[in-house]
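Sequences and hints are given; from them, build the entire structure.
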Amino acid sequence: MSEEAVAYRCEKCGAPIEVTPETIVAVCEYCGHPNWISEVKEEILIVASASKDAVERSFRQRIEEDFDLRRVKDKISIIEISGVYVPFYFVTVKAEAAYEGYIKKVERVGSGKKARWVTRREKVRGSFRSVLKLPILARRSAEDFSIKELAGHYKYSKPESIKLEEVDWEKVKLPVLNAELSSDEAAEIARDEAGDKMRARAESKVDELIEFHCVTKVLSISPLILIPYWYLVYSCGRAQYRAAYAGWNCHLLAIQEPVLIYHRALYFIGALLGCGLSAFGLAFSNNLNLSMGIGLLVLGAGISYAFGRKMVSDVRIERG
0 MSEEAVAYRC EKCGAPIEVT PETIVAVCEY CGHPNWISEV KEEILIVASA
50 SKDAVERSFR QRIEEDFDLR RVKDKISIIE ISGVYVPFYF VTVKAEAAYE
100 GYIKKVERVG SGKKARWVTR REKVRGSFRS VLKLPILARR SAEDFSIKEL
150 AGHYKYSKPE SIKLEEVDWE KVKLPVLNAE LSSDEAAEIA RDEAGDKMRA
200 RAESKVDELI EFHCVTKVLS ISPLILIPYW YLVYSCGRAQ YRAAYAGWNC
250 HLLAIQEPVL IYHRALYFIG ALLGCGLSAF GLAFSNNLNL SMGIGLLVLG
300 AGISYAFGRK MVSDVRIERG
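Numbering that gives the first Met the number 0 numbers the first residue of the sequence shown as 0 and each following residue consecutively.
Do not rely on the hints blindly, as some may be mistaken.
What the hints assert, rightly or not - Simulated crosslink set (EDC-like; lysine to aspartate or glutamate; CA at most 20 Å straight-line):
hint	residue 1	residue 2
1	LYS132	GLU192
2	LYS122	GLU202
3	LYS74	GLU64
4	LYS122	ASP206
5	LYS204	GLU121
6	LYS74	GLU55
7	LYS147	GLU184
8	LYS72	ASP52
9	LYS51	GLU28
10	LYS204	GLU99
11	LYS74	GLU63
12	LYS132	GLU148
Derived by calculation from the structure, the hints in this document are not laboratory data.
Note that the structure is predicted; figures quoted are calculated from it, not measured.
Here is the structure:
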């Protein structure tokens, strides 16, 4: 389908608007009037959005309540607050899986100085089933760092969805991201995701997965649901950071915060502890099970690497 923009004019004020063949509704940038481009609006639901002022109040409250931001609040300035409606399908999938694999069992053989640890493999089989409700973004890509959190909070809080024509667009004036996937495409993606989740669950049950079979069936799929999403850009010193909010209740989804000097000190201590754990695993691997010593060595190295990366970073992310 062509992505070439076609010139339209707002049916209320006559201002120019641009749409593509995938556009559902184009909100006029001048008067906020929704211009229906698609003929499927009766199949679309929408969650009413809070106002821009409500998002700003939520952010300022966060500054006052957050241990770290409160200490640098005099350096914080809001640069931008923007909102958008993000299209989702919610697909319920029934999945049944069977697997076969090996698990490792470690046994101690002998006693005293002659004691040794022996690792053996045991073949196991199993099956399980699950019903999954999966949020499917109705777009081919998503660049923001908190879109998954948006869908997760929607499932958790279950806000009321209403018909498009019931929204007061004159007050909200939020643009709508175009839906690029049909319900059939969303169903196929949901089946694939369900299969991946079931496979990951099977892999967690064994040390080596050798066979896996999964059958999925779509039980239901929601109409296209437009979910409000707000993001805020703020500065602290010379750097800029972002915060993201669920649009219906101003719940903080994720926020980027500056790394302060005491954070770096804590990360440095964490990296040192990781090095100590690695040294412990290396020094005592002869007296302990060799695999345990190697495990401690790898774990310590991973901890040191994780804290080392945080120590040199200028941004940390907190999830709501």
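**Study point:** Ascending list of hint numbers which this structure does not respect
**Key:** Hint check: nothing fails, all pass.
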